[in-house]
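Novice: Using the sequences and the accompanying hints, generate a full structural model.
Chains as they are written, first to last, in numbering that gives the first Met the number 0: chain A, 0 to 361; chain B, 0 to 379.
By construction, these hints were calculated from the structure, which means they are not laboratory data. Where is the CB? At the ideal position from N, CA and C, for every residue including glycine. Just to be clear, a hint being listed does not mean it is correct.
Claimed, not checked - Straight-line distance between alpha carbons at most 27 Å, and here's what the computed DSSO-like set of lysine-lysine pairs gives: (1) Lys334/A with Lys67/B; (2) Lys29/A with Lys60/A; (3) Lys318/B with Lys308/B; (4) Lys124/B with Lys103/A; (5) Lys137/A with Lys67/B; (6) Lys102/A with Lys67/B.
What the hints assert, rightly or not - Computed beta-carbon distance windows for the label pairs: (7) Ser346/A with Phe66/B: 41 to 49 Å; (8) Leu103/B with Glu221/A: 51 to 59 Å; (9) Glu152/A with Pro99/B: 55 to 63 Å; (10) Gly64/A with Pro347/B: 39 to 47 Å; (11) Lys278/B with Glu329/A: 17 to 25 Å; (12) Ala8/A with Gly138/B: 24 to 32 Å; (13) Lys60/A with Thr281/B: 50 to 58 Å.
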Amino acid sequence: MLQTQKLDAEISKTKTMVEEMRSKIEAGEKALGKIAESESLGELQFDIENARIQDVLNQQKLMEGNIADLIIGLEDVTEGFGMEFQNMKKFSFSETLVGWFSKKRAQAMRNERVRTTNLGGNLQDLLGKSDTIVSILKGQKSVLEERYANSEESLKTVIERRKSVTEELKATQARIEELNPMLMDIENQIAASTDQAARTKLEGERSKLATEYNEAQSKEQELLAGSQTLERYTSMFQTFVDSLNNQIAAQNTLINKLSIDTEQRIVLYKALEDSLKTAAQQDVAHKINTLGSKVDVAAEETMAGIGAAAQSHIADLLELHEKNMVSTQEIQRRKKLADDAFARRFSEVLEKHQISSYVAPR
Amino acid sequence: MKAVRDATLDYFRSIDLAFDALDRIFETEGIWVKRHNLIYHLVTGHLRHLRRAFQCWQHRIWFMDSFKVDTAESGFPLFQNVLELRQDAIRARERLEDLPETDLIREEMIELLLKFKQYPDALQKTMAERLYFETVERGGLFGAVSRLETIRHSYNPRGKRPYYVVHWSAYDGTANLPMIYQAVIEDSSSDAPMPPERRQGPWGETDAVEPLPGLPNEKLTAPFRAFVENHSGYSLTLTSIATAMDKDFPNLHPKQLRRFVLGPVYIGGMTDHNDRVRKLLTSGPAIHENWILTWTIQELHSQESIPAKRGLWGGTPQKEIYYINTDDVDCAQQGVSALDRHALLPHPVYQAAYAEGVAEEILRGHHVYIASGDHILRHV
Chain A
0 MLQTQKLDAE ISKTKTMVEE MRSKIEAGEK ALGKIAESES LGELQFDIEN
50 ARIQDVLNQQ KLMEGNIADL IIGLEDVTEG FGMEFQNMKK FSFSETLVGW
100 FSKKRAQAMR NERVRTTNLG GNLQDLLGKS DTIVSILKGQ KSVLEERYAN
150 SEESLKTVIE RRKSVTEELK ATQARIEELN PMLMDIENQI AASTDQAART
200 KLEGERSKLA TEYNEAQSKE QELLAGSQTL ERYTSMFQTF VDSLNNQIAA
250 QNTLINKLSI DTEQRIVLYK ALEDSLKTAA QQDVAHKINT LGSKVDVAAE
300 ETMAGIGAAA QSHIADLLEL HEKNMVSTQE IQRRKKLADD AFARRFSEVL
350 EKHQISSYVA PR
Chain B
0 MKAVRDATLD YFRSIDLAFD ALDRIFETEG IWVKRHNLIY HLVTGHLRHL
50 RRAFQCWQHR IWFMDSFKVD TAESGFPLFQ NVLELRQDAI RARERLEDLP
100 ETDLIREEMI ELLLKFKQYP DALQKTMAER LYFETVERGG LFGAVSRLET
150 IRHSYNPRGK RPYYVVHWSA YDGTANLPMI YQAVIEDSSS DAPMPPERRQ
200 GPWGETDAVE PLPGLPNEKL TAPFRAFVEN HSGYSLTLTS IATAMDKDFP
250 NLHPKQLRRF VLGPVYIGGM TDHNDRVRKL LTSGPAIHEN WILTWTIQEL
300 HSQESIPAKR GLWGGTPQKE IYYINTDDVD CAQQGVSALD RHALLPHPVY
350 QAAYAEGVAE EILRGHHVYI ASGDHILRHV
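Specialist: And the structure:
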């Protein structure tokens with residue numbers, strides 16, 4: 000049935016990708032959670048976790064691209080339906096041949112062809128596919144929102160830790176500032192003293208102060224290294240949270256676009272099918288059966304215009320038309336907004352599509 | 000948000016009340032009007048399917064983001080919803096396996112209410128989803144085109160041919176209206192089955208006949224079904240459908256074709272079509288029930304048939320000529336032999352219309368039924 004088999008394969012591929020991505024995001028988030036709570040701040044661990052988070056982000060980008068492919072593929076399939084309608088409106092080759100001899104006969108042949116074309120199944124199929132894609136997107140969105148909430152919490156914890164570490168560092172540095180002149184003082188006193196007993200006492204004090212000073216210095220280095228690591232962690236977390244935010248927005252755009260597209264498609268498709276079939280049939284049937292041999296559409300309308308009953312009927316029809324135009328305009332407006340947002344976000348994907356066909360080569 | 004939720008529940012409640020009154024009419028209408036006896040009997044069956052579909056949609060609104068209703072033309076839900084019911088019927092089983100059992104959800108809800116004193120919003124959605132898929136799985140819902148069924152298989156002694164009375168239902172995609180068709184078709188093929196012998200009781204034939212799916216003539220069932228799927232639109236006149244049927248099946252001769260179109264329905268505060276009705280239903284003191292349900296029965300019968308010609312250079316099959324009542328403008332425009340419009344409205348609405356003096360203009364040309372409590376008033 001047109002290109003829907005290829006679309007089926009694409010959809011199942013995307014489903015597996017979503018599952019993979021879900022597990023990867025879980026792993027990444029667990030890693031980040033561990034970091035937020037862990038006491039030690041090992042450098043080695045950091046690089047591994049960084050790589051894992053990068054992995055998740057790349058996977059997400061791939062995922063997004065794939066879903067945009069699916070949507071464009073769906074649009075391609077719809078274009079295919081449009082082609083079918085075009086074919087129904089035009090004369091086929093044999094019909095044109097017959098048309099050279101008798102216009103009426105050619106039209107009758109085309110009417111037969113239009114009358115017996117069955118288009119019902121395709122529409123159901125299209126709706127099913129678009130529903131599946133929307134449910135994939137919605138599932139993905141709920142995963143993202145969950146992770147976003149959790150990651151925000153972890154980010155807050157890391158920022159708190161960094162603050163406390165920075166405060167501790169400041170305190171240590173202040174202590175070192177205090178100890179420095181005190182040490183110098185005692186050294187001067189030792190150099191100036193002559194008494195052995197006083198000297199011994201001063202040396203004892205000096206060694207105490209020196210130990211304290213050394214400890215403070217090593218602690219300062221440790222805290223500095225820790226603070227720098229936490230800074231890197233914070234920026235890493237921030238990237239992750241920002242990216243999740245972006246992805247949630249992108250997801251909303253996609254879901255919006257797809258829902259409006261499907262809605263519009265069904266209405267349009269049905270109306271097209273109806274109008275083509277009606278036009279083909281009514282003409283013929285009325286000509287055979289009703290008001291004489293040559294029934295003119297204009298004559299019918301004139302007849303319908305006669306009489307008070309018919310007049311109010313026409314007024315009702317006009318009111319109806321206005322309501323329909325309004326609703327069509329509304330749909331058009333929403334579609335335009337969604338289309339613009341979509342194009343903005345996936346301009347690269349669209350570009351790639353312009354160059355080559357997306358859903359496997361025909 | 001709450002206003003939208005209330006408006007939606009109002010919509011379903013009004014439709015329920017309208018269908019209840021409709022059921023009551025159909026129970027007894029056959030007695031009043033002999034001619035319509037059979038069609039009302041058929042319509043009740045299809046109406047049951049339609050009501051089940053509405054029940055499904057009522058569950059669906061609890062967990063879906065949006066539900067589209069055609070407020071500009073017919074007042075019924077959009078065709079997309081009918082297609083989605085069929086989609087969901089296919090995957091109902093796997094969804095049901097994912098969702099927890101109803102009893103479990105109920106227990107959790109009670110726990111949430113009593114222990115934690117919170118409103119169980121998310122659990123409501125899960126429960127609604129569960130009920131929705133259970134109802135959908137049970138089947139028997141109104142679809143885009145229903146199964147074909149023969150309810151009478153008889154013999155015409157004058158033409159010496161068997162005839163079938165078949166019926167099917169369809170939901171029009173462009174006008175968003177549910178319709179029910181009934182056709183009386185004579186079969187002149189050589190292998191047309193004769194009607195089965197019916198037992199003779201002491202007071203005539205016993206009337207226990209089972210409806211058959213499809214046509215009694217096995218060979219024509221599949222192509223006829225394909226024909227029905229293609230030709231059930233509301234925009235096709237009965238003449239087009241009957242002529243096409245005549246042309247496509249040289250051995251089937253449709254003698255009578257009836258179409259029962261349910262709608263449009265006007266719900267106060269929701270539907271936009273027909274200004275006068277809208278003003279009536281929304282203005283004035285707050286009426287508890289403010290809806291009007293209309294339906295149309297179109298009928299086409301054949302007035303003569305041109306016999307088949309058989310000659311050396313091929314022949315033409317038998318052709319039916321249908322009678323179109325050209326005296327009546329509406330009949331002529333819609334290509335039918337007879338047209339009946341009916342309107343059903345609750346008592347307070349009729350009183351309000353009469354008080355404002357618009358009852359005559361709005362209900363001109365319709366057979367009026369007034370639903371007042373459990374009674375139906377006719378012949379006003």
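Novice: Does each hint fit the structure? Answer for all of them.
Specialist: So, going through the hints one by one against the coordinates:
1. Lys334/A with Lys67/B: 16 Å, holds
2. Lys29/A with Lys60/A: With a Cα-Cα distance of about 20 Å, the restraint between Lys29/A and Lys60/A holds, given a limit of 27 Å.
3. Lys318/B with Lys308/B: 10 Å, holds
4. Lys124/B with Lys103/A: Judged against 27 Å, a Cα distance of about 59 Å means the pair is violated.
5. Lys137/A with Lys67/B: This hinted pair holds, its Cα atoms lying about 20 Å apart.
6. Lys102/A with Lys67/B: Measuring from Cα to Cα gives roughly 44 Å; hence the hint is violated.
7. Ser346/A with Phe66/B: 41 to 49 Å: For Ser346/A and Phe66/B the Cβ distance comes to about 34 Å; the hint is violated.
8. Leu103/B with Glu221/A: 51 to 59 Å: About 54 Å separates the Cβ atoms of Leu103/B and Glu221/A, which means 51 to 59 Å holds.
9. Glu152/A with Pro99/B: 55 to 63 Å: Violated, at about 28 Å.
10. Gly64/A with Pro347/B: 39 to 47 Å: 59 Å, violated
11. Lys278/B with Glu329/A: 17 to 25 Å: Distance hint for Lys278/B, Glu329/A holds at roughly 23 Å.
12. Ala8/A with Gly138/B: 24 to 32 Å: 30 Å, holds
13. Lys60/A with Thr281/B: 50 to 58 Å: 52 Å, holds
Against the hints set out earlier in the document, violations occur for numbers 4, 6, 7, 9, 10.
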